[in-house]
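Peer 1: Note that our numbering gives residue 703 to position 42 of the sequence shown, counting from 1, and the numbers run on in steps of one.
These are computed hints drawn from the structure, not numbers from a lab. For glycine and all other residues, C-beta sits at the position ideal for the given N, C-alpha and C. Incorrect hints may have been included.
To be verified - Calculated cross-link-like contacts (lysine-lysine; reagent style DSSO-like; alpha-carbon spacing at most 30 Å): (1) K766 to K725; (2) K665 to K725; (3) K725 to K802; (4) K802 to K766.
Stated by the list, open to error - Distance windows between CB atoms, simulated: (5) M749 to G820: 21 to 29 Å; (6) E821 to D790: 36 to 44 Å; (7) D763 to V683: 37 to 45 Å; (8) K665 to I810: 17 to 25 Å; (9) D763 to D716: 22 to 30 Å.
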Amino acid sequence: MDMKHVLSVFVENQTGVLVRVVSMFSRREFNIDSLSVGVTESPEFSRITIVVHGDENLIEQMIKQLEKMPVVRGVERLDAEVAVCRGMTMIKVCADDTNRLDVLKMAELFRAHVVDVQPTTLIFEITGDDDKVTAFLRLLKPYGISEVIRTGLIALERGEHTIYEHCEEREYYGKNLL
Numbered sequence: 662m663d664m665k666h667v668l669s670v671f672v673e674n675q676t677g678v679l680v681r682v683v684s685m686f687s688r689r690e691f692n693i694d695s696l697s698v699g700v701t702e703s704p705e706f707s708r709i710t711i712v713v714h715g716d717e718n719l720i721e722q723m724i725k726q727l728e729k730m731p732v733v734r735g736v737e738r739l740d741a742e743v744a745v746c747r748g749m750t751m752i753k754v755c756a757d758d759t760n761r762l763d764v765l766k767m768a769e770l771f772r773a774h775v776v777d778v779q780p781t782t783l784i785f786e787i788t789g790d791d792d793k794v795t796a797f798l799r800l801l802k803p804y805g806i807s808e809v810i811r812t813g814l815i816a817l818e819r820g821e822h823t824i825y826e827h828c829e830e831r832e833y834y835g836k837n838l839l
């Protein structure tokens with residue numbers, strides 16, 4: 662069955678690492694739904710969060726290919742029940758004196774933050790999973806959405822487990838990053 666999967670990839674923070682990882686996906690014709698990358702608590706390393714669709718065999722193949730790459734130090738599949746996944750979305754919506762209060766009340770229900778106010782528009786920032794953001798967008802649509810931009814998903818495993826447990830040098834990472 663073709664399902665959405667979140668992969669967290671712990672990599673050396675060096676020039677071209679993102680290109681190498683993404684190239685591996687494109688060479689093997691894997692489609693990436695979402696991609697986010699950022700430096701970790703140690704500037705020597707970055708973490709890439711990749712959202713892909715595929716069956717179990719395809720995901721296992723992706724993980725094995727990633728693990729073969731010299732710049733990759735660890736790969737972790739983050740299933741929804743064991744991870745916290747969030748993305749950020751900014752939404753510019755039409756809001757004037759006639760509807761501004763209604764739009765602001767909806768934003769409050771979804772814990773969206775106003776980041777810009779103009780005479781005829783509001784810009785909201787909302788974080789959460791795709792279902793939450795989609796529901797908020799659906800409610801805003803009748804008011805007129807001017808623009809939407811979404812970041813890639815980021816995710817961390819719940820509890821005491823970390824991606825460093827998936828690294829060969831796990832003792833080094835566990836002690837020296839905190």
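Peer 1: The structure should be examined with respect to each hint, and the outcome stated for every one.
Peer 2: Comparing the hints with the structure gives:
no., hint, verdict
1, K766 to K725, "47 Å, violated"
2, K665 to K725, "18 Å, holds"
3, K725 to K802, "42 Å, violated"
4, K802 to K766, "15 Å, holds"
5, M749 to G820: 21 to 29 Å, "24 Å, holds"
6, E821 to D790: 36 to 44 Å, "23 Å, violated"
7, D763 to V683: 37 to 45 Å, "42 Å, holds"
8, K665 to I810: 17 to 25 Å, "21 Å, holds"
9, D763 to D716: 22 to 30 Å, "44 Å, violated"
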